[in-house]
Each structure stands twice: as C-alpha cells, then as structure tokens.
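Engineer: Read off the chains here:
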Amino acid sequence: MRTAAGAEIFIRHSVLYDSHFQGAQINKSTTTRQIRLERRSPSHWRVTFDLPPLNIFGPHEVPKLETIIKSIETDERVKVVVFDSVIEGVFLTHYDFLAKLEETTSLPLGATGLQPLPDMLARLSRAPVVSIASIRGRATGVGSELALASDLRFASREKAILSQWEVGAGLVPGGGPMARLPRLMGRGRALEVLLGAHDIDGDLAQLYGYVNRSLPDSELDGFVDALAMRIASFDKLAIADTKRLVDIASLPSDAEIEPEWGAFITSLQRPATQARINKLMELGFHKPGDVETRLGHYVGQLGNQ
Amino acid sequence: MRTAAGAEIFIRHSVLYDSHFQGAQINKSTTTRQIRLERRSPSHWRVTFDLPPLNIFGPHEVPKLETIIKSIETDERVKVVVFDSVIEGVFLTHYDFLAKLEETTSLPLGATGLQPLPDMLARLSRAPVVSIASIRGRATGVGSELALASDLRFASREKAILSQWEVGAGLVPGGGPMARLPRLMGRGRALEVLLGAHDIDGDLAQLYGYVNRSLPDSELDGFVDALAMRIASFDKLAIADTKRLVDIASLPSDAEIEPEWGAFITSLQRPATQARINKLMELGFHKPGDVETRLGHYVGQLGNQ
Amino acid sequence: MRTAAGAEIFIRHSVLYDSHFQGAQINKSTTTRQIRLERRSPSHWRVTFDLPPLNIFGPHEVPKLETIIKSIETDERVKVVVFDSVIEGVFLTHYDFLAKLEETTSLPLGATGLQPLPDMLARLSRAPVVSIASIRGRATGVGSELALASDLRFASREKAILSQWEVGAGLVPGGGPMARLPRLMGRGRALEVLLGAHDIDGDLAQLYGYVNRSLPDSELDGFVDALAMRIASFDKLAIADTKRLVDIASLPSDAEIEPEWGAFITSLQRPATQARINKLMELGFHKPGDVETRLGHYVGQLGNQ
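Protein chains in written order, with this note's numbering: chain A, 1 to 305; chain B, 306 to 610; chain C, 611 to 915.
Simulated from the structure, these hints should not be mistaken for lab results.
Just so we're clear, the structure is a prediction, and the values are computed from it rather than from any experiment.
Positions of the beta carbon are idealized from the N, C-alpha and C atoms, including for glycine.
Do not rely on the hints blindly, as some may be mistaken.
Said to hold, decoys possible - Restricting the straight-line Cα-Cα distance to at most 35 Å, the calculated cross-link-like pairs of lysine-lysine (DSBU-like) are:
#1 Lys70(A) with Lys236(A)
#2 Lys846(C) with Lys159(A)
#3 Lys541(B) with Lys592(B)
#4 Lys584(B) with Lys369(B)
#5 Lys846(C) with Lys279(A)
#6 Lys769(C) with Lys541(B)
#7 Lys769(C) with Lys159(A)
#8 Lys846(C) with Lys541(B)
#9 Lys541(B) with Lys369(B)
#10 Lys159(A) with Lys369(B)
#11 Lys769(C) with Lys464(B)
#12 Lys846(C) with Lys287(A)
#13 Lys769(C) with Lys674(C)
#14 Lys584(B) with Lys236(A)
#15 Lys584(B) with Lys464(B)
#16 Lys159(A) with Lys279(A)
#17 Lys846(C) with Lys769(C)
#18 Lys70(A) with Lys159(A)
#19 Lys680(C) with Lys846(C)
#20 Lys541(B) with Lys236(A)
#21 Lys846(C) with Lys674(C)
#22 Lys159(A) with Lys64(A)
#23 Lys541(B) with Lys889(C)
#24 Lys889(C) with Lys674(C)
#25 Lys236(A) with Lys64(A)
#26 Lys369(B) with Lys592(B)
#27 Lys592(B) with Lys159(A)
To be verified - From chain A, some residues computed to sit far from chain B (all C-beta separations above 12 Å):
#28 Gly186
#29 Arg294
#30 His297
Claimed, not checked - With the C-beta cut set under 8 Å, the calculated list includes, among others, these residues of chain B facing chain A:
#31 Pro413
#32 Ala416
#33 Val472
#34 Val477
#35 Ala484
#36 Arg492
#37 Arg494
#38 Leu496
#39 Glu497
#40 Leu500
Given only the sequences and the hints, what does the whole structure look like? Please build it.
Structural biologist: This is the structure in structure tokens:
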C-alpha cells in the first residue's frame, strides 16, 4: 500500500511544536471529537462537524470523513448531504499543525490516487449526490476547501468567514482551491482570495461567488433545510445524470488538483514558513482566541518585524 | 436523411397524454401560432414568439425557428437580432410534452449533426450576429436554453422568471444548459439552478450572472432597443471577428453539448419520470394557470406522496 | 531579429492622419511623458503612468513598459506592483493612432513570440509577482487590457471608466480582452463589453467582475496601499507558487491570445474602419475634450449618417 508523502517534513514539524502538541492532546482526550452522520431520511443526510474546541481537521479526522464520503458515494438512496457544524464560531477550519506525524503519514493514498484530503474532496465533487455546505462561522483552509468541493455553498451573512489564509503563513494551500476558486469567481477575485489571504465575510463571499448566496443568519438553517428536502424529493437518476454533465463543463481534473498537495508539502518545509507558523503558534494559533478568530489579521503581522 | 432519435419514446409519451392532447390541439387550431421575424432595418431584426396561449415550443416550431436561424446566419446585412414575446407572462417556455410523435421524429438532424433544438441553439451562438434575449415573463426549459444560447440576456426585474425546472420532473435538460450555465455563473450556482429547479427572478438572475442585467420592467424595452440600434450602427465584420475570438474562450464545443439531448431522451423513458409528468398534467401543466405560472413550486410537490 | 507586422497599414494610417499628427507631436515635445517606476520598498513597487495629456499608449511607451516588465519578472525581491496614473481623468487609455509608423514597426517581437503589447501583458500575468491595477479615470483599450492582464483590479466608484470601445470604431481589440474577459465575467457580459463598446463605470464593472471591487474614490488609495503592503510582507515563494497553480486553471495560453493582434491589424486596414477613425479624429479624438471623456458615446454616433 502506498502511503502519503511528506513523512520527514511532518516529523520535523511535530518536533518543532512539541510543547503545543501536549496541550492539544489533552484537549482531545477530554472531549469527544467526531464527525456525525445523521440520516434525516434515507435520501437526506446531514454531516456535522463536532471537533471541539475549534473544528480543526487533522489525520484523526481523515478516516472518519473517508467513511462518510464512501457512504455518500455508494448509498443507493441518498440524494442530498448537508455539511454543518455545532461548534460556535467555526464551520470547519484549518489543518492540524500539531498532529503527530505518524498519524498523517500512515494514511494510504485515496481511491483516486490523490493524497487523502484532496482525494476525498474530489470524490465528494463527483458523487451522484448534491452536497451543500451550510457555513456558519469560520471556513478557512480545509473548511474552505471542503466548501469549494461541495456542490452548493450557503453562508450566514453575519457569522460566516471564508478564507484561504495559507499564503499569509508562507504556505501554498493544498486541497484544491487554486483549481476551484478561479472557476467560481474568475482569476482576479480568486487571486485576491489566495494572495490577499484575508478573512472574507458572507456578503463579500456572495459578491465574489465564493458562496452561492449569503443569508441572514436567522434564515440560513430554514433555507438550507427546505432546499435539501426539496432535492431529496427529486429523482436520484435525474440528479446524478444532470450533475455528471455539469462536471464536464466545470470540474477540474484530478491531474490539475494533484500538484497542489505537493506544493503545500514543499512550502511547509521552508524555514521561512516554519518561522511564520512558529510565530503564529506563539500568538495563540490552534487555541480558542483572537488568532483563530481573526486569522486573516494575524497572518498580516507575521512579515513585519 | 437521418432523423431525430427517440421515436418509440415519444410514441409512448403521446399515448400516455392522449386525452390532454385533444384539448391542446383545439387551442392550436383556433389560434395563430407563429414566430415572427420583423426586419426593423436591414441590420436590426426582431424575432417575436407568438405561440398562444403559453409560448410552449414543440415540433411545429422547430422548422419555423430553423428558417429564422438560417436567415440570421446567412444574411449579409443583419448585425443584431432581439428575441422577445407578445404573450403576457411568458418569454418562451418548456418543450411541448403533448406534441404528436411523428411531428418530432420526422425532423432531420441539424447542420451541425446535433438534434434539431441543440443544433439551432449552437448555430445561433456562432452566428456572426449579436443575439439578445429580452426576457419578460417565464423563460423556462427551452426558453432558458434559447436565452443561454443567445449572446446577451436582459430581464425584466418584476416580470422575468428563468428556470431549468426539468430535474424536478425527473428529466435531464436537453438543450445545452449543463454546458452553458457553469461558464456563465460558475459550477456552484449552475448546480443550484439545475438541481434546485427553482423559479429564479430577475434580480437573482442578475446576481448569479444568469442574465447580463435585470432592469425595471418599464425600462427594459427602451434599454434593449437602444443597445440593438447602437450595435446595428457598428461594422459587421468587427462584430463578427470579435465574437469569433470570444467564442474560442467561451463556447462549449458541439461534442460537449451533444450528450445532453441523449440524457434528456433517456430520462424521459423512465417510468418514474412519466409518473411525475403525469402528475403535473393532472395538476394543470400545459394549460394557462397556476402550474405553468409557478412551475418551480409544483415540481417540488411531485415527490411528496 | 523579427519585427512587428503591419508596416504598410500603419504607413497608410499615419498618412491619413498627418495633419493631426503635427499637433500631437507638439504636445509630446513640450511635456515630459514617462512611465515611472518607484520602489516604495524592495518588495513593493509602483508603476505610474504620466503621459500627458491623456495617457495614450503608443510605440514610444513600448520600450519603457518593456523595461519595467522585465524588472518585475527578474527582480528577486519584488512581490507586488501597483499600476496607477497621475493624469486626472485617465488611468491608461487607448493606443496612439497618430504614432509614426517606423516607431511601431521597428519594435521587435517579444520574448514570448507575441507582438510587443500582448507579449508584455502575457508576461505580466505570469510574473511571480502580484500586479494590481488601481483604476481612477478611463481605462479604455490598452488601459483596459493592461488592467485585465494584471492580477487584481480595483476601481474608483466615482471616477473609473473601463471600456473596450474598439468595435464601435470598426476595430477588433488586439491586446487580449477576448481571451481574458469571458474568463472573468462569463461569455454574456464579455460579449456585452466588447460588442456594446460602452463606457462602463465602477459599480457596473464590479457587478460584472470586470474589476475585483469598486471603492469610494476617497478610499481607493488607502485600500490598495494596505493590500500591497500586506502582500509585500508575505513570502515571495508562497506567492509565486500559488499564483502559478492559479495560472493553470485560469490563464489563456499565448496561442489563444496571439490571433487577437492579427485581427486588430486586419480590422485597421479596412476602409470602413479608417472612415470611422477619421470621423472620430474630426470630432476631437486624441485631444483632451468630450470625445476622449465620453468615447463610448461618440463611437455610437459614427455609423449614423
């Protein structure tokens, strides 16, 4: 079995942040971290991120999400899947930079031949099911990438924040946004999202086409529920065949997505990047607080010394 | 001469709805149904749908529209063509599901080798002429597809409704929207239009890029007239050469459009689809009234039994 | 060394406008026309168009801009370049139709093998640096093309005007807009910009995605400065590698851009086009005044005789 690349890098990385890792491990062991799959009906599923305290996504979550993606791909009755969160302030946020190396590198490549995270996202995009990201709170890094791989995205006007913050920390994003963002919003706005690395609120996300629409927070759940129930009442084959034809016009190939992960790994190896991530950690990255809440602001401070 | 595929399907189909067909036939024989071509000047043409009571498009209309498309393609002086309607509440709506089989299957494939409807739409997109859809009332199904194949689309803010309602009835749309919508509005919003199957008003259509702009209904005609007269005053070769270069960047190939019609035919054959269309017919589909006026609402009721 | 095509055409052209040329020449010799490169810091550069009276771009400007583009491509420290203007009412406007033939035809093809102007623009798009067009005043023709080749575009809500006016004068634009506009705003709006040839203000440019955003004029400079300083604080390799991956999804190839210049040259040769440009000249084209300020309006008058 092939395994995910980048072993030495993550080793070095986990050594660098070993003191942080200890604290995070305690949090993990004292809370229940799960990705819940709820079948509201045989055709209408809900996937809820409940990874306290911050819905940070790491190697522990990969097999959990993979199991869910496989169910979405293969179940004969499911027609629509909504992704949401029960963690206040967060939809799904960045990758776990404190994770133990072995937990990441022991993960096999996915069915597509891509690394596990881009593999799952590519499979979600092609599944014969309508996926909807219901975004309340931060969808940054992995969270943005999951939203971009979903078919539809709806955001809370007051509470959603989307971002690809990575360039601000010296990283290249790895989960497909360079392939997916320009196809949603054009090159100029995609470059602004990626190279500006700002926190983007619901209304700007709507203007740019980062989400389908932003809705008043009080209306988001009702809107998404009604849409999901509506689609769940439609014919599965009509959904699947129509989506497959849209894929021809709009899905990036796996070959186009593939180099992003390698660029992420390369960027992570650079001492300059390690220095930026270290500085973020010192400021409070990976802990509830202002750095996580305003990550776009803080990555703008790292290069000014 | 090759003929359009799908003969057996339409036969079965017309048998299913035979009782409905009788009534529709009476309407047709007692009113004048036409697609009028008016040459406002040698360079500025207007094509007006006048197919009472609902501007439903069927096999009778195919040769009428084909003649017009051929004129648009070959006339040496025409520079701009505006499509509009004289039927209150409708721009151009869905395909005629009551049509006699023989009238559809006897139609030859088009010049591109595509089926007649996608053939005409592909040729319109490539014609060395600026086509403008002036949308007041419902542009659903074929009407949306004609608008999408036109170069420019302007909508009445109060009175335009665009939709691809087909998935709601178990159908896959057949006239190109899976190829064309993602190129106008990105994958996410295109999937929402196609898989949500909702009625979409002028302002949402503008936000999504489904139309160039929505305008107050009182301003639509003046705006479109002024734009058409302006373009009619330009140089035909400059228009044609510029459009041809835009085509390279933005037109789907015929090969990409081609499978949509086959998917439509396949979807039409399914008993589940026939059941949904039957139920729509019982509710009042194909007759003036609430089902036609709020088709997006009614397709959302078909799967809840 | 190969030289730019179109020699005979420009000869005829410069003869036609010889009387105009005299006046323009006087203006040129009595003012300092330059494109200024200011290094605000080693990583943050500013390129300012100061080509009185109208920031018209011609063969004299080609080597000036080429030198700057080469510096942007090769400097190891620059991360962000802002393009702006010090000329009231103009960002950068159209090509110089009064220019001496020899000055244009003696210019060698660019490093990409494209003609000098499209060559520089293609190289700017691929440079490992974030380019930002800060648009106050008219960005028409070449100015629009430079903005479209830049990575990000921000416009003054009150003072920016973007246009591709060329079709209105019988010309096909030559600097890449047919390849670039549909990728930013979709085919329909791109065709409207190109075939409508209207002056487009900041808010419509934002709605269409012609610019990233339009901002109140009083906020434009502060916004662009802050963004440029932010990006200048990021890691150059992360910027370059991320941009390179966005290029895969969103940059037109040189082969797609190449025919635009040939189409421009062909269109310029036509007597009908020469007649339109002549008429524009008689009205005041190439001189400060209403024709230059409302070029979109005036090209709409040329064909009504």
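Engineer: Out of the numbered hints, which ones does the structure contradict?
Structural biologist: Violated: hints 3, 8, 10, 20, 27, 28, 31, 32.
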